[in-house]
Amino acid sequence: MNRRITAVSLNTFRDYFFTPAAIILLIILSLTPFLCSNLLGDGTAEGKFRVFVTYSFIIGSIIFTAINIAISCSSISNEWKKKTLLILDVKPIKRWEIIAGKWVGMLLINIVFITFFVLAISFSSLLISRQLIENFPEDINIFTTETELFPLAESANSGQTAQDKVKPSDFMSFLSQSSKNIRGMYVIPAGGRMDWTFKGIRLPADLQTNPSTDNFDNVYLSYRFQTSSPDRQSALGYWLAGNPSLLAPFEMQTDLAKDQVHRLPIPAQAISSEGELNITYLNIDPSNISVLFPGSDFKILYPQGNYWINLLKGTVNILILSTFIFSVGLCFSCIVSHLTAILSTSILIFTSYMYEFIQIIRISILQEMQAQQEIGLIQRISYPLLNFLSSILPPLNEALPHSYIGTFILMPSSYLIFLFIRIIILGALPLLIVAVIYLSHRELGIPNE
Amino acid sequence: MEELVKLQGVTKTFKDFWGKPKAVAIKNLSFSVERGEILGLLGPNGSGKSTTLKLMLGLLYPTRGRISVFGKHPGDNIAKQFIGYLPEEDYLYSYLNGRETLDFYGKIFSLPSKARRERIDFLIDLLGIKAYQRRSVGEYSKGMARRIGLAQALINDPELLILDEPTNGMDPIGIKEMKDLFLDLKSKGKTMVISTHLLSDIETICDRVGILYQGEFIAMDRVDKLLLPYHNESHCLEKFFLDKVYAEREKREEKRKTEFSKEKAVPAKKPDEVDQEVIRKLLHKE
Numbered sequence: 001m002n003r004r005i006t007a008v009s010l011n012t013f014r015d016y017f018f019t020p021a022a023i024i025l026l027i028i029l030s031l032t033p034f035l036c037s038n039l040l041g042d043g044t045a046e047g048k049f050r051v052f053v054t055y056s057f058i059i060g061s062i063i064f065t066a067i068n069i070a071i072s073c074s075s076i077s078n079e080w081k082k083k084t085l086l087i088l089d090v091k092p093i094k095r096w097e098i099i100a101g102k103w104v105g106m107l108l109i110n111i112v113f114i115t116f117f118v119l120a121i122s123f124s125s126l127l128i129s130r131q132l133i134e135n136f137p138e139d140i141n142i143f144t145t146e147t148e149l150f151p152l153a154e155s156a157n158s159g160q161t162a163q164d165k166v167k168p169s170d171f172m173s174f175l176s177q178s179s180k181n182i183r184g185m186y187v188i189p190a191g192g193r194m195d196w197t198f199k200g201i202r203l204p205a206d207l208q209t210n211p212s213t214d215n216f217d218n219v220y221l222s223y224r225f226q227t228s229s230p231d232r233q234s235a236l237g238y239w240l241a242g243n244p245s246l247l248a249p250f251e252m253q254t255d256l257a258k259d260q261v262h263r264l265p266i267p268a269q270a271i272s273s274e275g276e277l278n279i280t281y282l283n284i285d286p287s288n289i290s291v292l293f294p295g296s297d298f299k300i301l302y303p304q305g306n307y308w309i310n311l312l313k314g315t316v317n318i319l320i321l322s323t324f325i326f327s328v329g330l331c332f333s334c335i336v337s338h339l340t341a342i343l344s345t346s347i348l349i350f351t352s353y354m355y356e357f358i359q360i361i362r363i364s365i366l367q368e369m370q371a372q373q374e375i376g377l378i379q380r381i382s383y384p385l386l387n388f389l390s391s392i393l394p395p396l397n398e399a400l401p402h403s404y405i406g407t408f409i410l411m412p413s414s415y416l417i418f419l420f421i422r423i424i425i426l427g428a429l430p431l432l433i434v435a436v437i438y439l440s441h442r443e444l445g446i447p448n449e
Numbered sequence: 001m002e003e004l005v006k007l008q009g010v011t012k013t014f015k016d017f018w019g020k021p022k023a024v025a026i027k028n029l030s031f032s033v034e035r036g037e038i039l040g041l042l043g044p045n046g047s048g049k050s051t052t053l054k055l056m057l058g059l060l061y062p063t064r065g066r067i068s069v070f071g072k073h074p075g076d077n078i079a080k081q082f083i084g085y086l087p088e089e090d091y092l093y094s095y096l097n098g099r100e101t102l103d104f105y106g107k108i109f110s111l112p113s114k115a116r117r118e119r120i121d122f123l124i125d126l127l128g129i130k131a132y133q134r135r136s137v138g139e140y141s142k143g144m145a146r147r148i149g150l151a152q153a154l155i156n157d158p159e160l161l162i163l164d165e166p167t168n169g170m171d172p173i174g175i176k177e178m179k180d181l182f183l184d185l186k187s188k189g190k191t192m193v194i195s196t197h198l199l200s201d202i203e204t205i206c207d208r209v210g211i212l213y214q215g216e217f218i219a220m221d222r223v224d225k226l227l228l229p230y231h232n233e234s235h236c237l238e239k240f241f242l243d244k245v246y247a248e249r250e251k252r253e254e255k256r257k258t259e260f261s262k263e264k265a266v267p268a269k270k271p272d273e274v275d276q277e278v279i280r281k282l283l284h285k286e
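Chains as they are written, first to last, in our numbering: chain A, 1 to 449; chain B, 1 to 286.
It is worth saying that the hints were derived from the structure and are not from the lab.
No residue lacks a Cβ here, since even glycine has one placed at the ideal position from N, Cα and C.
One should not assume that every hint holds.
[To be verified] List time: in silico DSS-like cross-link candidates among lysine-lysine, alpha-carbon distance up to 30 angstroms:
#, chain 1, residue 1, chain 2, residue 2
1, B, K20, A, K81
2, A, K94, B, K190
3, A, K83, B, K255
4, A, K81, B, K15
5, B, K244, A, K83
6, B, K262, B, K281
[Claimed, not checked] Selected chain A positions facing chain B (in silico; Cβ < 7 angstroms):
#, residue
7, N11
8, L26
9, N78
10, K81
11, R95
12, R130
[Unchecked claim] What the simulated footprint calls covered on chain B by chain A, stretch by stretch (three residues with Cβ under 8 angstroms from a Cβ of chain A suffice, anywhere in the stretch; the number is not a length):
#, stretch
13, 57-64
14, 78-89
15, 97-109
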């Protein structure tokens with residue numbers, strides 16, 4: 001960005017931000033989520049959450065809409081009215097640079113407001129999550145990214161919920177999780193076995209040096225599987241985990257439902273000091289079926305880093321993401337056109353729906369493959385393509401799986417993104433209109449009537 | 001000599017919303033400003049001085065004719081790099097202080113930060129605004145704001161200074177200082193176009209003077225040549241200006257009257273065509 005645009009943008013920021021009205025609005029905006037987190041709703045966990053989200057965002061959106069419309073309308077017209085534009089226009093600055101500077105200034109103000117609002121939302125989400133965990137321990141399972149509370153997750157929600165119950169004490173460890181994936185697709189015929197080796201799992205020092213049964217829940221194998229029989233809804237299997245040079249410290253027989261995400265706790269001592277973990281699956285199902293593990297859903301979840309630093313990182317990530325999407329939306333709507341902004345929003349929605357659609361096709365192909373026991377050419381070609389597409393498209397329903405606190409923070413944040421794109425369109429449109437009028441108004445020196 | 005500004009047959013007509021001509025501000029104006037010269041534009045209110053300056057800056061576009069500034073179209077960004085402009089009023093950002101105002105305009109000229117700081121310090125010393133450089137511009141008196149306005153016009157060390165009533169609202173000391181500053185700038189070879197009402201100011205500074213009346217030059221020449229008949233008198237530019245303007249006004253008034261009478265004149269009736277009836281009635285009444 002050149003110096004002229006920076007100068008104009010900072011000037012605009014200075015003009016609007018350091019005013020009593022802006023400071024009061026900022027305080028109201030920051031307090032709104034905290035006030036809304038005290039509302040009770042209809043007495044259920046979901047009701048409380050919905051009331052919190054709805055009220056915070058309605059008030060937030062009203063304030064944001066007002067700010068954006070006011071600034072975008074008055075930033076150029078005030079210069080025109082006060083004739084400061086006369087001096088500015090005879091300086092070596094292009095008119096588009098003035099408009100771009102005004103827009104960037106508006107963006108800066110929005111970024112500050114959004115930062116405060118997102119921080120307030122995130123912290124009040126944290127508060128409300130703790131309240132809900134204490135007050136509604138039974139209802140807590142609805143708060144995953146896979147339930148319909150999460151925007152756009154309805155299409156992805158095919159009834160699956162987390163299989164293993166998560167204790168409130170485990171929340172801390174979930175938030176500081178890292179994951180290791182494997183690639184490919186693994187078919188295990190009846191009576192067969194499959195070995196996987198995960199490398200580079202670096203556990204925290206205290207877990208590594210002092211593995212004990214207390215830390216049993218810290219490492220998980222997360223997986224989803226399919227079976228070759230459409231009638232069989234579950235498969236009987238036997239898991240072995242551990243360093244091959246040692247005795248297998250973990251073995252478990254499972255009979256779990258297919259096409260659902262499961263998490264198997266693995267003891268920390270199963271992981272060698274080099275960070276290696278061997279997993280073996282034995283297909284011992286009596287009904288002679290093959291089991292298929294898609295690599296994209298087969299991962300090891302393990303704790304890494306400090307909880308608070310991870311929380312900070314997560315919050316900053318969400319902040320950056322929301323700011324980025326906000327600025328992209330604003331940029332499109334302001335510079336290119338109103339229609340492009342709608343398009344960019346639609347693209348976001350479309351791609352996530354596309355992801356779900358591709359998942360459905362992928363799974364149907366998978367089932368077909370299992371049923372026929374042999375893979376056709378079209379399926380052979382299309383399956384990796386669908387896999388690739390599903391890896392590049394935004395999988396909104398899978399962000400931070402099973403991490404309730406993460407979900408608590410992510411859910412309002414994603415509401416925020418959808419909401420602000422709408423506000424941005426509203427807010428940037430007047431600026432665009434004013435800018436167009438200004439640009440077409442070629443003669444700035446015309447005397448006032 | 002190099003011509004920095006050149007106007008050829010420039011006419012400017014202001015139009016209303018529907019595109020109908022509302023007022024003719026400038027009529028067929030042609031002149032040029034040479035490098036190192038100071039041109040004074042004089043004229044009564046509404047004579048088109050400010051319009052001429054705005055045309056030179058590209059703030060207005062001529063209805064007819066051609067303008068070139070530094071050999072380029074007015075409004076060209078390269079030409080703007082060498083121009084400093086002081087408008088007739090102080091159109092400054094009221095929330096910035098004096099120093100920040102200059103810093104802002106310095107950034108618009110893309111001056112590097114060190115050079116910008118030095119230039120601002122220099123201008124603050126030059127114009128004597130050190131005492132109130134940290135106060136916001138909104139609190140300034142008119143004279144103070146005028147100085148900041150002039151400082152922003154000088155921020156890029158311009159070759160061509162376009163000043164619209166620079167001493168407007170200043171006290172006599174300020175006017176004296178301003179005049180000294182203009183003479184100093186003149187000695188440095190700067191080119192200036194000054195529009196003003198205060199004739200005594202301009203007399204000692206300007207090389208050439210043009211007197212505008214209703215958008216036309218009624219006199220345009222070197223100051224010494226114009227004032228040759230008045231050389232023994234004091235305030236001779238003022239006298240010359242008043243003489244010229246009054247003479248022009250009378251001339252135009254005369255012209256207007258004759259045109260009006262030509263339009264309105266109706267051929268008189270012959271005596272025999274006069275209504276005899278009316279005469280009889282009048283006589284009878286008496």
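Here is what the structure says about each hint:
Note on B/K20 and A/K81: the hinted pairing holds, with a Cα-Cα distance of about 24 angstroms set against a maximum of 30 angstroms. A hinted pair counts as satisfied when its Cα atoms are at most 30 angstroms apart, and A/K94 with B/K190 qualifies at roughly 25 angstroms. About 39 angstroms separates the Cα atoms of A/K83 and B/K255, which puts this hinted pair outside 30 angstroms; it is violated. Only pairs whose Cα atoms come within 30 angstroms are accepted, and A/K81 paired with B/K15 is accepted, the gap being roughly 20 angstroms.
Among the hinted pairs, B/K244 with A/K83 is inconsistent with the structure: their alpha-carbon atoms are about 34 angstroms apart, more than 30 angstroms. Restraint check: the Cα-Cα separation between B/K262 and B/K281 comes to about 33 angstroms, which exceeds 30 angstroms; the hinted pair is violated. Evaluation of the A/N11 hint against chain B yields a held restraint, the C-beta minimum of about 6 angstroms falling below 7 angstroms. Below 7 angstroms, beta-carbon pairs count as interface contacts, and A/L26 has none with chain B, the closest being about 18 angstroms; its hint is therefore violated.
With a cut of 7 angstroms, the hint placing A/N78 at the interface with chain B is violated, because the nearest CB-to-CB distance is about 10 angstroms. Annotation: A/K81 was flagged as interfacial toward chain B, and the flag is violated, the nearest CB pair being 10 angstroms apart, outside 7 angstroms. Because the closest C-beta pair between A/R95 and chain B is about 10 angstroms apart, greater than 7 angstroms, the hint is violated. Hint status for A/R130: violated, given a least beta-carbon distance of 43 angstroms to chain B, over 7 angstroms.
Only residues whose beta carbon comes within less than 8 angstroms of a beta carbon in chain A count, and the stretch 57-64 of chain B has 5; three or more means the coverage holds. Under the rule that three or more residues need a Cβ within less than 8 angstroms of chain A, the assignment of the stretch 78-89 of chain B holds, with 7 such residues. Coverage of a stretch by a chain is defined here by at least three residues with a beta carbon nearer than 8 angstroms to that chain's beta carbons; for the stretch 97-109 of chain B and chain A the count is 5, and the condition holds.
When held up to the earlier numbered hints, the structure conflicts with 3, 5, 6, 8, 9, 10, 11, 12 and fits the remainder.
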